[in-house]
Amino acid sequence: MLALRDGVTLVSDQLRPRDTAAHRYEQNRHFLPDADLTQTSTSKAAVTRFGSGANVAVVPADPEKLTATVANGYYSPEFYRVSSAKYSSYTKTVAGRTTFDTLLLSSPAAADSAVRINRVPVGTLTPDLATALDIRYGDGGRGTYYKSWAAKANRAFGTYTFDGKIVYVQDTPAGTVQSLALYDGSTVKRAGKVLISSPVAVHNLAVTYDGTTLRIDGNGLTASTDATKAIGIAAQTPPKSSSTAPPSTSPATETSSTQPPPVEPRHGLDVPHYAGSTAGRGRRGSIRPSAPGGSRRGRRWCQAVRSRKPPARGTRAVEWCTR
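Under numbering that gives the first Met the number 0, the first residue of the sequence shown carries the number 0, and numbering increases by one thereafter.
It should be emphasised that the hints constitute simulated quantities derived from the structure, not laboratory data. Keep in mind that a hint or two might mislead.
Below, computed lysine-lysine pairings styled on DSSO-like, alpha-carbon distance capped at 30 Å [to be verified]:
no., residue 1, residue 2
1, K151, K64
2, K91, K43
3, K164, K188
4, K43, K164
5, K91, K151
6, K164, K151
Owing to the predicted nature of the structure, the values given are computational and were not obtained by experimental measurement.
Work the whole structure out from these sequences, hints included.
Set out below in structure tokens:
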């Protein structure tokens, strides 16, 4: 189970029978009696329509391989009190190992019934060995998810390559990278360009960029101004303009041809991004603990980029290091 973003969770279940015979598998999702449950015809998503308050959409991967129904069941909040309640059921009959990959998408109002999930091939591997999904949200956003059930290896899926166990990349409707999370990996590339690079495997890491603030969460990370140990977060050259607005191109996917190579840390990660807001000028910044504009909560850090020392014109960087 992986929380992808606020209100969005992806559940990957692997089923491993003790034989190679064909077996029938059934996955059921139960709801409250007043959920007014429906099921979409194309994605086979189960969608609630409560009269007020939050709703949820349960979206399965591989809908074409599933038999989906809304069945009659029961709900009992306490002993001797039973009500009728609908539930969604997904079944399939397969031989050998198989998986159920399901997106749980909650909403404070109407559920997002337009979300779609498409499976992405991972070489010749079957989903019970490595799973990759292309998620299209109703708001136009896009997510790419990968999970390796087998031993780690550098594998390609879609436009990505990754050498770890789990990675998720969230794009905005404009197609720019908004956030990235990984588990037990060191390098993520998209279309040949580096998103994350580390000389050692990172246990877990989450990076979010909102246009002005870069947030990095993970185990074993400490703030530092030592460039020899820092994460080099290089940025594209901003456009020459009097405007102070950051460029609209992706901070995590595009770099300028005039940009120098990112910092080569002894320990850490390289994450390309746009880390500033003064157009046409380059600065080097550092993420520091307990400074104005930032916060420290245990191992959680959030700090806007602060000027330290200007490097070559048109480049920007933020430093972060591991213990």
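Taking the hints in turn, this is what the structure says about them:
no.: 1; hint: K151 <-> K64; in the structure: 27 Å, holds
no.: 2; hint: K91 <-> K43; in the structure: 14 Å, holds
no.: 3; hint: K164 <-> K188; in the structure: 15 Å, holds
no.: 4; hint: K43 <-> K164; in the structure: 28 Å, holds
no.: 5; hint: K91 <-> K151; in the structure: 28 Å, holds
no.: 6; hint: K164 <-> K151; in the structure: 6 Å, holds
Consistency note: the structure conflicts with none of the earlier hints.
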